[in-house]
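Please take these sequences and the hints and turn them into a complete structure.
According to the numbering used here, the sequence shown is numbered sequentially starting from 92.
Derived by calculation from the structure, the hints in this document are not laboratory data.
What you were told as hints is all true, and nothing was included just to trick you.
DSS-like, lysine-lysine: derived pairs with alpha carbons at most 25 Å apart:
1) 232 / 259
2) 185 / 98
3) 171 / 233
4) 185 / 171
5) 233 / 259
6) 286 / 185
7) 232 / 171
8) 359 / 395
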Amino acid sequence: MSEQNHKPRPLDGITVISLEHAIAAPFCTRQLADLGARVIKVERPGSGDFARGYDERVDGLASHFVWTNRSKESLTLNAKQPGADKVLEQLLAKADVLVQNLAPGAAARMGLSFEALHERFPQLIVCDISGYGEGGPYEQKKAYDLLIQSEGGFLSVTGGPGDDQMAKAGCSIADIAAGMYAYTGVLSALMLRDKTGIGSRIDVSMLESLVEWMGFPMYYAYQGATPPPRAGAAHATIYPYGPFPTGDGGTVMLGLQNEREWVSFCDKVLLQPALAADERFSANSRRSENRAELRAIIVEAFGKLTADEVIARLDAAPIANAHVNDMAGVWAHPQLKARQRWSEVGSPAGSLPALLPPGRNAAFEPRMDAVPSLGEHTDSLLAELGYAAADIAQLRQQGAV
Numbered sequence: 092m093s094e095q096n097h098k099p100r101p102l103d104g105i106t107v108i109s110l111e112h113a114i115a116a117p118f119c120t121r122q123l124a125d126l127g128a129r130v131i132k133v134e135r136p137g138s139g140d141f142a143r144g145y146d147e148r149v150d151g152l153a154s155h156f157v158w159t160n161r162s163k164e165s166l167t168l169n170a171k172q173p174g175a176d177k178v179l180e181q182l183l184a185k186a187d188v189l190v191q192n193l194a195p196g197a198a199a200r201m202g203l204s205f206e207a208l209h210e211r212f213p214q215l216i217v218c219d220i221s222g223y224g225e226g227g228p229y230e231q232k233k234a235y236d237l238l239i240q241s242e243g244g245f246l247s248v249t250g251g252p253g254d255d256q257m258a259k260a261g262c263s264i265a266d267i268a269a270g271m272y273a274y275t276g277v278l279s280a281l282m283l284r285d286k287t288g289i290g291s292r293i294d295v296s297m298l299e300s301l302v303e304w305m306g307f308p309m310y311y312a313y314q315g316a317t318p319p320p321r322a323g324a325a326h327a328t329i330y331p332y333g334p335f336p337t338g339d340g341g342t343v344m345l346g347l348q349n350e351r352e353w354v355s356f357c358d359k360v361l362l363q364p365a366l367a368a369d370e371r372f373s374a375n376s377r378r379s380e381n382r383a384e385l386r387a388i389i390v391e392a393f394g395k396l397t398a399d400e401v402i403a404r405l406d407a408a409p410i411a412n413a414h415v416n417d418m419a420g421v422w423a424h425p426q427l428k429a430r431q432r433w434s435e436v437g438s439p440a441g442s443l444p445a446l447l448p449p450g451r452n453a454a455f456e457p458r459m460d461a462v463p464s465l466g467e468h469t470d471s472l473l474a475e476l477g478y479a480a481a482d483i484a485q486l487r488q489q490g491a492v
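This is the structure in structure tokens:
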């Protein structure tokens, strides 16, 4: 890993060993790397993290992998081969954090449970990420993002009306949720270690992470009450709040939050001030109940305008609104450009654009180093651990690296 001159980062000097694949753990550790941590990604020789093979959309590289693996070092290691366990032991002796999201029970079988490691490495923080967490009847179940979206109730409130119109999130929301709680869990464990001098264990469940995010619909359906209906891209319980077509074939997203905004919407956007007092629409609950009738009125009014004209009226009202961007629109978003939120990182395919981490801190610049090729840092890491070139060659011949 190249040394750079930079202002101190929060996790400078912290070393993370990660036995990771797919999204949840890599997303966690990439964010630790953003803050300056040294992340050593342990991968299977020959194939590596299976997310490397998801697609070839980024100049031949996989989109998921590019997103979650910048600023890491890749070490190939086959834990089942002679000599590999010693390498891993040497790495853990110098590490602050171990993150893993292997299959349930796999880390423990490798001797990498917190209990097995804590006696030898009392300062080591161990973060285990799994679908359902340790214990319970679901502990051994396979857990992919869409399956957790289903188990966690997300699909029941997402999509259009009717059971045949349920929809998954367009990104890996359960993996992302687990990755975020793992990331914050590691940060809090580092803070705790500063106070106690002792490492701790973090047990992150994808199910629990996503269910936490389901708090509103769960409480809305408290004690058997009717849950919020699936409402497509509209809000399930607030109206008007959602997408509306315009006369030029465009779509505008808008949202009203209170009665003052409703009056302004009728007056300045629809140019129908008397509509504000219509009993069918005089409170949010009534507007939601009569949304079909209100939608017809809005669509008729917007049908005479372009999307830009509708947005101009909404801005003047002022009513919250947004463009319905596709991916090309997000890449070209003027706000991201104006705030200089794009950087570049290296990769095996050359330089690639990368979004700077959210939450800009004026005291330091985030680390934005290259996405590694498989095993790119194996030799340098082994040399750092004291292995001579002949030793490394022997490990390679044995299939350990």
